[in-house]
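Asker: Sequence:
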Amino acid sequence: MTTYRPFSILMAGVLAVGLAGCGATGGPRETGGTVIGGVLGGALGSQVGGGSGRTVATVIGALIGANIGANVGRSMDTTDRMRTAQAFETAPTGQPTQWVNPDTRNQYQVTPTRTYERGGAPCREYTMQVMVGGRPDTVYGTACRQSDGSWQVMN
Numbered sequence: 001m002t003t004y005r006p007f008s009i010l011m012a013g014v015l016a017v018g019l020a021g022c023g024a025t026g027g028p029r030e031t032g033g034t035v036i037g038g039v040l041g042g043a044l045g046s047q048v049g050g051g052s053g054r055t056v057a058t059v060i061g062a063l064i065g066a067n068i069g070a071n072v073g074r075s076m077d078t079t080d081r082m083r084t085a086q087a088f089e090t091a092p093t094g095q096p097t098q099w100v101n102p103d104t105r106n107q108y109q110v111t112p113t114r115t116y117e118r119g120g121a122p123c124r125e126y127t128m129q130v131m132v133g134g135r136p137d138t139v140y141g142t143a144c145r146q147s148d149g150s151w152q153v154m155n
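Take the sequence shown: its letters are residues 1 to 155, numbered as in this note's numbering.
No lab work stands behind these hints: they were computed from the structure. A quick note: this is a predicted structure, and the numbers were derived from the prediction, not measured. A portion of the hints provided could be inaccurate.
To be verified - Just the calculated beta-carbon pair ranges, DEER-fashion: (1) Met154 <-> Thr90: 28 to 34 Å; (2) Gly120 <-> Thr79: 28 to 34 Å; (3) Ile60 <-> Arg83: 32 to 38 Å; (4) Met82 <-> Gly119: 31 to 37 Å; (5) Tyr140 <-> Trp99: 24 to 30 Å; (6) Thr127 <-> Thr78: 31 to 37 Å.
Where a beta carbon is used, it is the ideal one built from N, C-alpha and C, also for glycine.
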């Protein structure tokens with residue numbers, strides 16, 4: 001297990017794109033991950049330094065974030081997104097759901113940590129532990145069920 005890191009924020013962003021219904025082919029997932037990673041990386045970079053140093057950090061953060069986001073976006077396939085949504089829908093609070101993708105060998109464990117209602121829709125705070133390409137990480141987030149029954153990551 002690792003602690004909260006910028007990679008975790010990128011993974012949460014990529015998960016949001018995946019659960020929002022990106023296509024099953026690598027193109028849309030990779031593009032979505034690149035966009036989200038770039039935006040989040042730039043936002044993180046903007047928190048470093050001051051003056052022109054902040055600008056440089058923002059640009060570097062956006063480039064690094066876009067690269068990481070594209071890689072993680074490629075890693076979650078349709079099965080992984082479906083298993084994540086299934087965990088949001090059916091797992092009791094505190095009960096982990098885990099799986100290994102048989103094609104990619106990536107490992108996932110989703111644990112809902114709190115369930116509540118927002119605007120009449122159920123929402124789940126969760127922890128997701130991932131092992132993608134041999135790199136472990138932990139993501140914290142919130143997902144809410146949409147009117148069409150799908151789950152969307154809110155943060």
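Asker: Now, for every hint given, state plainly whether the structure supports it.
Answerer: So, going through the hints one by one against the coordinates:
no. : hint                         : in the structure
1   : Met154 <-> Thr90: 28 to 34 Å : violated (19 Å)
2   : Gly120 <-> Thr79: 28 to 34 Å : holds (30 Å)
3   : Ile60 <-> Arg83: 32 to 38 Å  : holds (34 Å)
4   : Met82 <-> Gly119: 31 to 37 Å : violated (25 Å)
5   : Tyr140 <-> Trp99: 24 to 30 Å : violated (19 Å)
6   : Thr127 <-> Thr78: 31 to 37 Å : violated (23 Å)
Checked against the numbered hints above, the structure breaks hints 1, 4, 5 and 6 and satisfies the rest.
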